[in-house]
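Residue numbers (the numbering used here), protein chains in the order written: chain F, 1 to 359; chain V, 1 to 359.
By construction, these hints were calculated from the structure, which means they are not laboratory data. All values reported here derive from a predicted model rather than from experimental measurement. A hint or two may mislead.
Just so you know, same-sequence chains aren't split out, so a pair can sit in one copy or run between any two.
When the alpha-carbon atoms are kept at most 25 Å apart in a straight line, the in silico SDA-like pairs for lysine to any residue are as follows [stated by the list, open to error]:
{"hint": "1", "residue 1": "K157", "residue 2": "R178"}
{"hint": "2", "residue 1": "K157", "residue 2": "P305"}
{"hint": "3", "residue 1": "K59", "residue 2": "T69"}
Number of protein chains: 2
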Amino acid sequence: MNLPFDEFAVRDWQTTDDPGTVRVAMIGVGWWTREQAIPAVQEAAFVDTTVLVSGSKRKAQEAAALAPTIERGITYDEFHDGDATGAYDAVYVCTPNGLHLPFVETAARLGKDVLCEKPMEATVERAREIVDLAADGDVNVMIAYRMQTEPAVRRAKEVVAEGVIGDPVQVHGNMSQRLLELIPDPDQWRLDPDLSGGATVMDLGLYPINTARFVLDADPVAVQARTTHSRGAFEDVGDEHAAFTLVFPEGIYAACTASQGAYRSSHLRVTGTDGEVAIDPAFFNPQDRAFRISTGGERYDVDFPQVNQMTEEFDYFAHCLLTETDPHPDADHGFVDMLTMDAVYHADRLDETVRLQVR
Amino acid sequence: MNLPFDEFAVRDWQTTDDPGTVRVAMIGVGWWTREQAIPAVQEAAFVDTTVLVSGSKRKAQEAAALAPTIERGITYDEFHDGDATGAYDAVYVCTPNGLHLPFVETAARLGKDVLCEKPMEATVERAREIVDLAADGDVNVMIAYRMQTEPAVRRAKEVVAEGVIGDPVQVHGNMSQRLLELIPDPDQWRLDPDLSGGATVMDLGLYPINTARFVLDADPVAVQARTTHSRGAFEDVGDEHAAFTLVFPEGIYAACTASQGAYRSSHLRVTGTDGEVAIDPAFFNPQDRAFRISTGGERYDVDFPQVNQMTEEFDYFAHCLLTETDPHPDADHGFVDMLTMDAVYHADRLDETVRLQVR
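Bound-form chain F, shown alone:
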């Protein structure tokens, strides 16, 4: 088999080795920022973390010790007041979902480009405001789908585009973890519907949704869904477990599940008329990804160098800014996921297939 890739983990988006450095202010200093984003940026070639922004001045200043490049720790209010603007070029918004919008607004006002964590916001209405801000064109707004700069996912997209598996027919995807064991706090923001917009579909279901869209290069046209919860901590938010089917054009179905109450597991599998490509494990940054192609009755397990997905994402974002290239996925792209997840929740409530007109 002649696989359509020579160097599996090559940064196919990189056009120059020395574009410069983007200085980033990280907004929100929770565990993801501290344990994932800051260390990833320390490994990155084109980015430095220079400012931390938190609700608590002390928290921001304490976390500043996490990397030698960090110059300032400021509060949310100080950020909105325009403090420290000379110390950063762009922002990374990693607050609870329902608090993204005001930071994107302020960044746009300050002329700072934005890398905004996914999902864009807690509701479609607030996400639309981010789309409108991005459409004004004063700053770049990239949505932080780290799977789109993950080599295994980019190669899967190529495999599909090159016709190696024929015409795609069916997708399976799952992402599950035990949230309350990872973060043993029943009052955490992910369980507050106002802050999260949903616990499982918004946080985990988003991975098979967005990655299927990216790999298929298509958007869903209809959704069937079901959600439930088995533990009391999920009562307000509702969705501890979810199963949903995305219907893509030409009758391609994606059978997806997600759970905040199941063993950590993740996979994406695309079966076509002539073969299959599978990433399993797929979606957890600290867990090595595995890539397999099946065609002609044979299975090919492709060994490849693992990357830090957050390092790739930050370097890609910075490289775009430094080379004046529009970064993708943009706000319009992220908004389709917001509509899709909204349709998932609606389909669940209505017990009906919900049609989507996303374009």
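Mind docking chain V on chain F? Use the hints.
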């Protein structure tokens, strides 16, 4: 990890080494009977094929050369007339789905036990007649779910029952093949809705449905579904591709796909609160099955001796008859799949969740 099985492929149902031999009449002499069932029985310990029954006398007599134990080749009419009853003890019904009922009726009248291919019949109504015949108690009626005597599936059921993966949360299942390349005849019975009852859900979707039921030891309570076709040969029957979600009690979801127009692939994966068990490949007899357990952050790939699933199934059926043990899966069990598949087709037509009351 202390896995709950010592001898993976042991016949845990076998209580005696020398129960005797059951002589079987095979009804329907298509490719499955000729290429799978007859060779499998030649390897079996407790079964001989002694009679073949076909619509065509010549076809029955020609196929009789396939095994030295075959004494007679008779027509369907001759079977119904009671010919050759002294030459067989039980029947294997392997005609098109919509023709199962009259053969089960005649077998019951003749006092011959029945191994009936799945799905039981082409419609719920006709399947109910088989249930009623079985309830009369004159003969045993086993439905031929070969996965239920497949060691990998039996061990997966044990893993779930023993709590190795905690409480089950989510299932993924798929079975796909390219029917028109396997049997290049657009007029074949599987594409005739009267004879098949459906092309993909009835023939392939049944595998994840029934195997999920068996492994979870539970029956679905609701169904969401979608089917479509992309090739003209599937126009009458409708379902070339299918995706459906089964809702089991306690909110366990099974995300399933099936296709008669996609690359040959099959898998079953059960994710629980504490681990995951996966069979991948799962459902094709000629393709080696693979078994994996994940728990405690580790993956265990279990190597085991492959069996001929049809040999296991026939020996199990014969062993039951010879030891006067009720064979499972019985007609009541198979009928639940008929109701489930009927609900899949209804849910697709209605674009609504369809509730099931199967007990």
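Going down the list of hints, with the structure as the test:
Taking CA atoms no more than 25 Å apart as the test, K157 paired with R178 passes between copies only; the shortest distance there is 23 Å, against 29 Å inside one copy. Taking the shortest Cα distances, K157 and P305 sit within 25 Å of each other inside one copy (18 Å), while across copies they are farther apart (36 Å). For a Cα distance limit of 25 Å, the shortest separation of K59 from T69 inside one copy, 17 Å, qualifies, whereas the shortest one across copies, 82 Å, does not.
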